[in-house]
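Using the sequences and the hints, build the whole thing.
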Amino acid sequence: MSFDTVAPHYRWMELVLAGNKLQRCRTAFLNEIPEAGSILILGEGHGRFLPECCRAFPEAKIICVDASRKMLAIAEKKTARAGANGKIEFVHADALDWTPRNSFDLIATHFFLDCFTPAQLEILIPKIASAAAPNSVWLIADFQAPHAGLRRIRARLILQTMYLFFRIVTRLPARRLTAPDEFLKQNGFSLRERRESEWGLLKSDFWERR
Numbered sequence: 001m002s003f004d005t006v007a008p009h010y011r012w013m014e015l016v017l018a019g020n021k022l023q024r025c026r027t028a029f030l031n032e033i034p035e036a037g038s039i040l041i042l043g044e045g046h047g048r049f050l051p052e053c054c055r056a057f058p059e060a061k062i063i064c065v066d067a068s069r070k071m072l073a074i075a076e077k078k079t080a081r082a083g084a085n086g087k088i089e090f091v092h093a094d095a096l097d098w099t100p101r102n103s104f105d106l107i108a109t110h111f112f113l114d115c116f117t118p119a120q121l122e123i124l125i126p127k128i129a130s131a132a133a134p135n136s137v138w139l140i141a142d143f144q145a146p147h148a149g150l151r152r153i154r155a156r157l158i159l160q161t162m163y164l165f166f167r168i169v170t171r172l173p174a175r176r177l178t179a180p181d182e183f184l185k186q187n188g189f190s191l192r193e194r195r196e197s198e199w200g201l202l203k204s205d206f207w208e209r210r
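So the sequence shown is numbered by the numbering used here: it starts at 1 and just counts up by one.
Derived DSSO-like pairs: lysine-lysine, alpha-carbon spacing no greater than 30 Å straight-line:
no. : residue 1 : residue 2
1   : Lys127    : Lys185
2   : Lys21     : Lys78
3   : Lys127    : Lys61
4   : Lys203    : Lys61
5   : Lys203    : Lys127
6   : Lys87     : Lys61
7   : Lys77     : Lys87
8   : Lys61     : Lys78
9   : Lys61     : Lys21
10  : Lys185    : Lys61
11  : Lys87     : Lys127
12  : Lys21     : Lys203
13  : Lys78     : Lys203
14  : Lys77     : Lys21
15  : Lys78     : Lys127
16  : Lys70     : Lys87
17  : Lys127    : Lys70
18  : Lys21     : Lys70
19  : Lys70     : Lys203
20  : Lys87     : Lys21
21  : Lys127    : Lys77
22  : Lys185    : Lys21
23  : Lys185    : Lys203
24  : Lys203    : Lys77
25  : Lys77     : Lys61
Hints were generated in silico from the structure; no laboratory data involved.
Here it is in structure tokens:
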């Protein structure tokens, strides 16, 4: 799986297809976290969440991991322009192969976990959770399929098209959306709040470990 091919085009694709909706999902809970001294961001992509995170927590140490070298380069440039990359470590690595060596107060995986199969999530989520500090927060912005009705039909059509496109272009391993909720619960996290938008297609989650 590699997003290098779409990296130069991802920003305008997001703007054309979704406007600012995905960004609102990414930042939905950012101002509700009192403090975070250490932050892990996985699958940051083209770098829209990272500058906002730096502004919210200017003293935090941040590790940003992405499997796409080109996406990382774009994120690093954006953060540099914002003047906020002094305490950021950019790591080019596949999250399935990378092992965290720090403890994090805040973890963010935005539009990232939907890239993996259930078997991969069963490996990945415990690995990430093992680096979560006591009382840590895990923010997740992602797609979802509503339970019934026209909203579900609409979401399934959009998701099928999206997965087909990214399987062809990026060799995405996942063929369908897998909700990570049960994996998170098994690893000590509970859902504090979920906000939905776009007829239930988009969600912003605030998970916490107590």
